[in-house]
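Spelled out from the first residue to the last, the chains are:
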Amino acid sequence: DAGITQSPRHKVTETGTPVTLRCHQTENHRYMYWYRQDPGHGLRLIHYSYGVKDTDKGEVSDGYSVSRSKTEDFLLTLESATSSQTSVYFCAIGRNDQETQYFGPGTRLLVL
Amino acid sequence: DQQVKQNSPSLSVQEGRISILNCDYTNSMFDYFLWYKKYPAEGPTFLISISSIKDKNEDGRFTVFLNKSAKHLSLHIVPSQPGDSAVYFCAASTSGTYKYIFGTGTRLKVLA
Numbered sequence: 001d002a003g004i005t006q007s008p009r010h011k012v013t014e015t016g017t018p019v020t021l022r023c024h025q026t027e028n029h030r031y032m033y034w035y036r037q038d039p040g041h042g043l044r045l046i047h048y049s050y051g052v053k054d055t056d057k058g059e060v061s062d063g064y065s066v067s068r069s070k071t072e073d074f075l076l077t078l079e080s081a082t083s084s085q086t087s088v089y090f091c092a093i094g095r096n097d098q099e100t101q102y103f104g105p106g107t108r109l110l111v112l
Numbered sequence: 001d002q003q004v005k006q007n008s009p010s011l012s013v014q015e016g017r018i019s020i021l022n023c024d025y026t027n028s029m030f031d032y033f034l035w036y037k038k039y040p041a042e043g044p045t046f047l048i049s050i051s052s053i054k055d056k057n058e059d060g061r062f063t064v065f066l067n068k069s070a071k072h073l074s075l076h077i078v079p080s081q082p083g084d085s086a087v088y089f090c091a092a093s094t095s096g097t098y099k100y101i102f103g104t105g106t107r108l109k110v111l112a
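Residue numbers (the working numbering), protein chains in the order written: chain R, 1 to 112; chain X, 1 to 112.
Source of the hints: derived by calculation from the structure; they are not laboratory data.
Check before you lean on any hint, since a few could be wrong.
[Said to hold, decoys possible] Below, a list of computed lysine-lysine pairs in the BS3-like style, where the Cα atoms sit at most 25 Å apart:
id, chain 1, residue 1, chain 2, residue 2
1, X, K5, X, K56
2, X, K5, R, K57
3, R, K57, X, K99
4, X, K99, R, K53
5, X, K71, X, K5
6, X, K54, X, K5
7, X, K71, R, K70
8, X, K71, X, K54
9, X, K5, X, K109
10, X, K99, X, K56
11, R, K70, R, K53
12, X, K99, X, K54
Go ahead and model the full structure; you've got the sequences and the hints to work with.
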């Protein structure tokens with residue numbers, strides 16, 4: 001298994017609070033991704049990174065920000081959590097832009 | 001606009017028979033495709049890939065077929081086993097875009 005960890009694995013928070021999810025890799029892969037998985041929508045890309053300090057938006061980026069200050073860490077921040085952001089969040093990594101992506105175990109987030 | 005579609009939300013197959021999972025796409029610029037399997041409470045696991053320069057790729061019990069003119073790919077699992085019961089996602093990418101677009105998934109149930 002690729003060395004990807006996500007923390008926390010589960011989180012319950014209240015509407016309006018900021019939340020930060022962490023993805024950590026030990027593979028030294030250049031590309032990192034944040035997805036959310038929701039019933040009927042599959043996996044949707046939130047943000048991705050193609051290098052340290054290089055990030056871009058995915059298809060559902062509103063309400064989310066990311067940062068990548070080190071190769072191994074990619075942080076996803078919900079600036080002011082809303083109930084619509086209740087979801088399962090997956091991080092993925094890849095060596096090049098079309099390489100297979102390897103996924104982390106996921107973070108289950110509940111926004112009350 | 002759903003660029004990658006998996007029109008069958010679920011599929012049931014008898015153990016030992018063939019499972020065929022389908023995926024359609026609308027963007028003719030997609031040139032690399034992946035299939036993932038996902039068990040509950042786990043991250044997606046890579047199964048098999050195919051480049052647009054091929055029309056078939058095989059790995060053990062798994063074969064992916066690509067029909068570029070129809071913008072259609074399919075995953076064949078032969079023989080199907082109960083452990084194959086999972087949600088299967090197809091994903092498509094255009095080289096240089098750094099990201100994949102995922103379908104909504106098909107839940108496969110292999111009956112013993």
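Structure-based check of all given hints:
{"no.": "1", "hint": "K5(X) with K56(X)", "result": "holds (20 Å)"}
{"no.": "2", "hint": "K5(X) with K57(R)", "result": "holds (22 Å)"}
{"no.": "3", "hint": "K57(R) with K99(X)", "result": "holds (10 Å)"}
{"no.": "4", "hint": "K99(X) with K53(R)", "result": "holds (17 Å)"}
{"no.": "5", "hint": "K71(X) with K5(X)", "result": "holds (11 Å)"}
{"no.": "6", "hint": "K54(X) with K5(X)", "result": "holds (21 Å)"}
{"no.": "7", "hint": "K71(X) with K70(R)", "result": "violated (39 Å)"}
{"no.": "8", "hint": "K71(X) with K54(X)", "result": "holds (13 Å)"}
{"no.": "9", "hint": "K5(X) with K109(X)", "result": "holds (19 Å)"}
{"no.": "10", "hint": "K99(X) with K56(X)", "result": "holds (22 Å)"}
{"no.": "11", "hint": "K70(R) with K53(R)", "result": "holds (8 Å)"}
{"no.": "12", "hint": "K99(X) with K54(X)", "result": "holds (20 Å)"}
Violated hint: 7 only; the structure is consistent with all others.
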